[in-house]
Amino acid sequence: MSELLGIILAGVLTHNILLTGFLGMCSFIAISRDLRASLGLGLAVTFVATFTAGLNALIYNYFLAPGAMVWLLGDSARSIDLSFVSLIVFIAVIAGFVQVVEMVIQRWFPLLHGVLGIFLPLITVNCAILGVSLFMVIKGLTPFRATVYGFASGAGWALAIILMAAMRRRLDTSAMPRAFAGVPVTLLLTGLLAAAFSAFAGMEF
Amino acid sequence: MERLFRWFRDRTESIPAVGQLAEALYVALYDPLERPGVAPFVRDAISTKRYMFTVVAALIPVLMAAVWYYGPRPLLLVVIAYGVGGFIEGFFAWLRDEPINEGFLVSGMLFALVFPPDVPLWVFMTAVVLGEIFGKELFGGVGRNIFNPVLTGRVLVFLSWPALVAPAVYPSPADAVSVATYLASGAVHQSIWTMFAGPKPGCIGEISPALVYAGGIFIALMRISDWRIPLGVLAGAAFTAWAASFLSVGARPIWFHLLSGGLPLAAFFMATDPVTSPRYAWTKLVYGLFIGFLVILIRQWAPLPEGAMFSVLLGNAFAPLLDEIALAFRKKTV
Numbered sequence: 001m002s003e004l005l006g007i008i009l010a011g012v013l014t015h016n017i018l019l020t021g022f023l024g025m026c027s028f029i030a031i032s033r034d035l036r037a038s039l040g041l042g043l044a045v046t047f048v049a050t051f052t053a054g055l056n057a058l059i060y061n062y063f064l065a066p067g068a069m070v071w072l073l074g075d076s077a078r079s080i081d082l083s084f085v086s087l088i089v090f091i092a093v094i095a096g097f098v099q100v101v102e103m104v105i106q107r108w109f110p111l112l113h114g115v116l117g118i119f120l121p122l123i124t125v126n127c128a129i130l131g132v133s134l135f136m137v138i139k140g141l142t143p144f145r146a147t148v149y150g151f152a153s154g155a156g157w158a159l160a161i162i163l164m165a166a167m168r169r170r171l172d173t174s175a176m177p178r179a180f181a182g183v184p185v186t187l188l189l190t191g192l193l194a195a196a197f198s199a200f201a202g203m204e205f
Numbered sequence: 001m002e003r004l005f006r007w008f009r010d011r012t013e014s015i016p017a018v019g020q021l022a023e024a025l026y027v028a029l030y031d032p033l034e035r036p037g038v039a040p041f042v043r044d045a046i047s048t049k050r051y052m053f054t055v056v057a058a059l060i061p062v063l064m065a066a067v068w069y070y071g072p073r074p075l076l077l078v079v080i081a082y083g084v085g086g087f088i089e090g091f092f093a094w095l096r097d098e099p100i101n102e103g104f105l106v107s108g109m110l111f112a113l114v115f116p117p118d119v120p121l122w123v124f125m126t127a128v129v130l131g132e133i134f135g136k137e138l139f140g141g142v143g144r145n146i147f148n149p150v151l152t153g154r155v156l157v158f159l160s161w162p163a164l165v166a167p168a169v170y171p172s173p174a175d176a177v178s179v180a181t182y183l184a185s186g187a188v189h190q191s192i193w194t195m196f197a198g199p200k201p202g203c204i205g206e207i208s209p210a211l212v213y214a215g216g217i218f219i220a221l222m223r224i225s226d227w228r229i230p231l232g233v234l235a236g237a238a239f240t241a242w243a244a245s246f247l248s249v250g251a252r253p254i255w256f257h258l259l260s261g262g263l264p265l266a267a268f269f270m271a272t273d274p275v276t277s278p279r280y281a282w283t284k285l286v287y288g289l290f291i292g293f294l295v296i297l298i299r300q301w302a303p304l305p306e307g308a309m310f311s312v313l314l315g316n317a318f319a320p321l322l323d324e325i326a327l328a329f330r331k332k333t334v
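Respectively, the protein sequence lines represent chains U and H.
When you line the first sequence up against my numbering, it's residues 1 to 205, in that order.
When you line the second sequence up against my numbering, it's residues 1 to 334, in that order.
Any given hint could be a false lead.
[Unchecked claim] These stretches of chain H come out as covered by chain U in the derived footprint (C-beta under 8 angstroms, 3 or more residues):
1. 67 to 81
2. 130 to 142
3. 151 to 158
4. 302 to 308
[Unchecked claim] Just a few of them, taken from the derived set where beta-carbon distance is under 10 angstroms, the chain U residues facing chain H:
5. M25
6. S27
7. I31
8. L188
Since the hints were made in silico from the structure, they are not lab data.
Please read all numbers here as calculations on a predicted model, not as lab measurements.
Using N, Cα and C, we set each Cβ at its ideal position, and we do this for glycine too.
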């Protein structure tokens, strides 16, 4: 239990995927202009990251990892190592998952589709999602822990974009130098936010 | 004399840079003498200038105590902060074609107070330049920044040269002795009176919590700062320290936490910055509690001795969101 709490706190605070890894910056900068949209995108990223991390962990641990297919092919599979295709497989899984989820949500949960709808296709190319799956392999997590890790990373990303959207909203009403408004100030604020979050680096629970 | 300055101001009004300097000089010396002739009238004689000077006045005892124990070096830092900060402020005021704002009187003072007295001068100047430019001027100047400019400069040089910003001298009128701060050494072997009144090793502004508390309570009573914020910070820190005593081994007593490190200065003078704190009454309280919670969280579980600087910056980051939430509730209920 405390280990799971550790994974969650690491994903949200100490290893925030946006503020320490700087992944998913493009949609972060583009969408943080609007608070409501940031909320929706943050939710969608959390949702997709949770399930794709779990799914990819299952696939990796039972098919792609070195010697993972022993359960299927017997001892002769001990030398099979498919991990070199994991990048492509992860991308395919993410894209396929997003497609299927979008159709399912549109058909049976129209309200949820109203909230997440526009953002789901955007997420297919969000590098934070792919990053979660790749980090999960490096960390050697089991499928269940990978799911928790995906949720935590997505929540950390959502926290960062919501904070940024609120900050930018305050800036909207103040007289910024024109050359500096928009993307430049967002990058500066991201850097300062990352500096503030560096307080959590190395924190142990 | 007043007429001379006014004459100088009126004559140079149209000249860039010189005009702004003359205006700033006149405001600094004579502003409250000018009475408004037309409505609206405000009952109180408070202005941005009076506001800033009250905060500076509240900090002067702390600075004097530091000068007593460390010699003239703290004063030198203040002079440098005013010089460099004033130059940057003036330059950007000239760029923006706005009058020079008095805000840097407070931030210049605070810049000196958040550094140890033996900080290399080039590190200190770098912090002032980075804090003024990246913490304030690029956002459009005083009143438009998101993060506290003093702590922005401090955190940037802290992350760049951690060893140079760490304090290493012990305050003593006779001679300086190298020693770790009480927070870094991790021991509680000081009497509560030494912890409260000082002198304590660390940054200049940490020399005597008693004087910081006195100055902070003074500006809160003068309604320069909102009492909810320091109350929130201290309550949040006290509660978290109390909770930590159950969770973690080696937790230190509550009074030790409330009297050590940058916490008093952060609670009364950093978190209360009206620009970077939330705008509503209850969000101010939540913001204070959050900062107090973070200070103890970082002290107890992160590999850093002190978390006050980071906590205030994180609080600044959450402040706009707290206000957005407050606004959403308000819209719903009205």
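Hint check results:
Counting residues of the region 67 to 81 of chain H whose CB lies closer than 8 angstroms to any CB of chain U gives 0, so the stated coverage by that chain is violated, three being the minimum. Restraint check on the region 130 to 142 of chain H versus chain U: 5 residues with Cβ-Cβ distances below 8 angstroms, three needed, restraint holds. Closer than 8 angstroms: that is the beta-carbon criterion, and the region 151 to 158 of chain H has 3 residues meeting it against chain U, so the requirement of 3 holds. Judged by the Cβ-Cβ criterion of 8 angstroms, the region 302 to 308 of chain H is covered by chain U as claimed, because 4 of its residues qualify and three suffice.
Interface hint status for M25(U): violated, as the beta-carbon distance to the closest one in chain H is roughly 17 angstroms, over 10 angstroms. Nearest Cβ of chain H to the Cβ of S27(U): about 19 angstroms, over the 10 angstroms cut. The hint is violated. Proximity of I31(U) to chain H is violated relative to the hint, the smallest CB-CB distance being about 16 angstroms (cut-off 10 angstroms). The restraint placing L188(U) at the interface with chain H holds, with a minimum CB-CB distance near 6 angstroms, inside the 10 angstroms limit.
Of the hints listed earlier, those the structure fails to meet are numbers 1, 5, 6, 7, in rising order.
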